[in-house]
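Chains as they are written, first to last, in my numbering: chain Y, 51 to 360; chain L, 236 to 591.
Quick caveat, the hints were computed from the structure, so don't treat them as lab data.
Keep in mind it's a predicted model, so treat the numbers as computed, not measured.
One should not assume that every hint holds.
[Stated by the list, open to error] Calculated lysine-lysine pairs in the BS3-like style (CA-CA distance at most 27 angstroms, straight line):
1. L:418 to Y:179
2. Y:166 to L:339
3. L:571 to L:452
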Amino acid sequence: MISELFTVTVLIGILSSGIRLATPYLYAAIGETFSQRSGVLNLGVEGQMLLGAFAAFYVAMNTGSLWLGVLAAMIVGVAMGLAMAFATVNLHAEQGISGIGFYLFGLGMSDLLFQKMMGTVRTVDGFQKIAIPFLSKIPGIGEIFFNHNILVYGSYFLVLLAWFVLNKTTLGLKIRAVGENPDAADSLGVSVARVRYFAIIFGGMMSGLAGASLSIALLNVFQQNMTSGLGFIAVALVYFGAWRPGGVLVGALLFSMVNSLQLWIQVLGISIPSELAVMMPYVLTILVLIATVSKVIAPTALTKPFEREE
Amino acid sequence: MKKFTQIATFVVALALILSACGGAKPTEAPKPVATEAPAQPATEAPAAATEAPVVAEPFRVAVIMPSAKNDMAFSQSMYDALVAIQNEMGADKFEFVFSEGMFKVDDAAAAIRDYATQGYNLVIAHGSQYGSSLQEIAPDFPETSFAWGTTVDTFGLPNIYAYEAASEEGGYVNGVLAASLSKSKTIGIVAPIETGDAKLYVEGFKQGVAATDPAVKVNVNYIGSFSDVALAAEAANTHISNGADVLTGTAQMVVGAIGKAKDSNVLWFASDANQSSLAPEIVVVSQVYHWEIILKEMISKIQSGTLGGESFAINLKNNGEVMEYNPGYNLAPEVKALGDAAIQGIIDGTITITLP
Chain Y
51 MISELFTVTV
61 LIGILSSGIR
71 LATPYLYAAI
81 GETFSQRSGV
91 LNLGVEGQML
101 LGAFAAFYVA
111 MNTGSLWLGV
121 LAAMIVGVAM
131 GLAMAFATVN
141 LHAEQGISGI
151 GFYLFGLGMS
161 DLLFQKMMGT
171 VRTVDGFQKI
181 AIPFLSKIPG
191 IGEIFFNHNI
201 LVYGSYFLVL
211 LAWFVLNKTT
221 LGLKIRAVGE
231 NPDAADSLGV
241 SVARVRYFAI
251 IFGGMMSGLA
261 GASLSIALLN
271 VFQQNMTSGL
281 GFIAVALVYF
291 GAWRPGGVLV
301 GALLFSMVNS
311 LQLWIQVLGI
321 SIPSELAVMM
331 PYVLTILVLI
341 ATVSKVIAPT
351 ALTKPFEREE
Chain L
236 MKKFTQIATF
246 VVALALILSA
256 CGGAKPTEAP
266 KPVATEAPAQ
276 PATEAPAAAT
286 EAPVVAEPFR
296 VAVIMPSAKN
306 DMAFSQSMYD
316 ALVAIQNEMG
326 ADKFEFVFSE
336 GMFKVDDAAA
346 AIRDYATQGY
356 NLVIAHGSQY
366 GSSLQEIAPD
376 FPETSFAWGT
386 TVDTFGLPNI
396 YAYEAASEEG
406 GYVNGVLAAS
416 LSKSKTIGIV
426 APIETGDAKL
436 YVEGFKQGVA
446 ATDPAVKVNV
456 NYIGSFSDVA
466 LAAEAANTHI
476 SNGADVLTGT
486 AQMVVGAIGK
496 AKDSNVLWFA
506 SDANQSSLAP
516 EIVVVSQVYH
526 WEIILKEMIS
536 KIQSGTLGGE
546 SFAINLKNNG
556 EVMEYNPGYN
566 LAPEVKALGD
576 AAIQGIIDGT
586 ITITLP
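Just chain Y, with the same shape it has in the complex (with noise of 0.2 angstroms):
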């Protein structure tokens, strides 16, 4: 039994299903990385992706646009972060909690549009696979890499552009600086309140994308809590990648590629009962995270407000 594990075939589905199931958490894990790098941590990030996942969801539906979608989605991921970064730079609310009100708002929210608005469960025809030329030809690699929908390809282009701002410009420089040191950054003439802004919208941009990659890419249906946790997930692989996209990429793969790993077990029907294969990733993560935290700092300003001392 086994031994059907490490099949070619198996490994194909486990890598290329991997691939796909990490695209919503790049998305949300990213934009949350910005945010808490420059010293926001923002937990209503499930709440963004529910009321992102509507909207790219209703609005494909009625224009039969997915693009319309995507920014829709976008939009309201915005007007979700631009909220929550009121909340936390202008009033100094803390983080944590409001973080929690922003994520029952969305979830609520969400719901409740649903209700009033679409009235039943329905389907809507996504984002097609893209199988890229040439490439996607390549055996075994071309299924696992470049067979996919274009929201799981812009995902990981995502995390290559979030290396680069945080890294390599100045803008992330700044996000850096505000997150570390905010009266070191304000004294040299850095807007705190201005960089964080960004970096929580642009965050809320992101999990609003990410809802949207469930809803008209993944899945293409909309459902209440339709996310079921996957936002927190999210939050949790950004304290698990360090801070840092390409741990986050590391993060997301190893997370969803022992979930794809436990639905094979279970397809091939490897005798695990399905309790224990169903908390394999969870359990996995949590070694990952008690073996490698202990080495890693957080931006010493996260979730602390800015206050200038006059």
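With the hints as your guide, set chain L onto chain Y.
Okay, now just chain L, sitting in the frame of chain Y:
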């Protein structure tokens, strides 16, 4: 600074209130279908006037459901049943309210207690996860009748009814049809947690397949959640990559799997509610739960003074489970005949499903 904190608190409070509105809202019972509306008020008015001294109190039911009332699955089956009863008994004799999306058991327990306090005749906790809450609450309200499912356990309490679905029966029929339609001889099941009617459904389905074509392989995937749509979809993907050309599943998260089945053009066999509208091209048949069959029995018992202590089941024989074919799917008549024979066999008792 203090003012800011106050504003922030206000924002959070507002968010909480709004979310509460979305999550659980006792809504007015829906209006009966429009066709009965005209002419009746005129004839009814004098009758009501003469009956005035003995105004019968309407029978009031409150339901707690784990997901949305329109989830195309488990919760919707209960909602539809209550609407059916109301249309039959009339809105003046039967009222119901509901709290949907109660996936948090603590919230559900609070709602159950609330409804009991408000004096509803029957409080239904529609989900096996609510059992222990009910066991704790029911003794405090000896005048109120409670029901929960899917289970057979009334905890030996005189005011609790239990109900379940013999979902293995519809599962068996689905299995017979699925085995006949599978060309790749591989079938995948996307299931939630190994318990309750989901487990029964899977068991029945497997036996239906085995009885029809032992060469067909059935692979089961329990995803460990009733709500993780994304994982359900990826489970469906996994089955399809593994060569399955027919899929089935049970519980409310399967909408994710149906979406995948539709994309890959593999057949889907539905359970709980009629899911044909989600993917008219690929849904073959739906096992639909009609809880009204047993709810009506419960209501008449309550009205005659028995508040609980009994367990009910819907099945193919009592029409509590109905196999609804999707008219949009062109099912070959000889295959449909196999399905109909299986239904008849289960009703006659010539086909028996052995449960573990």
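Numbers of unmet hints, in rising order: As far as the earlier hints go, not one is violated by this structure.
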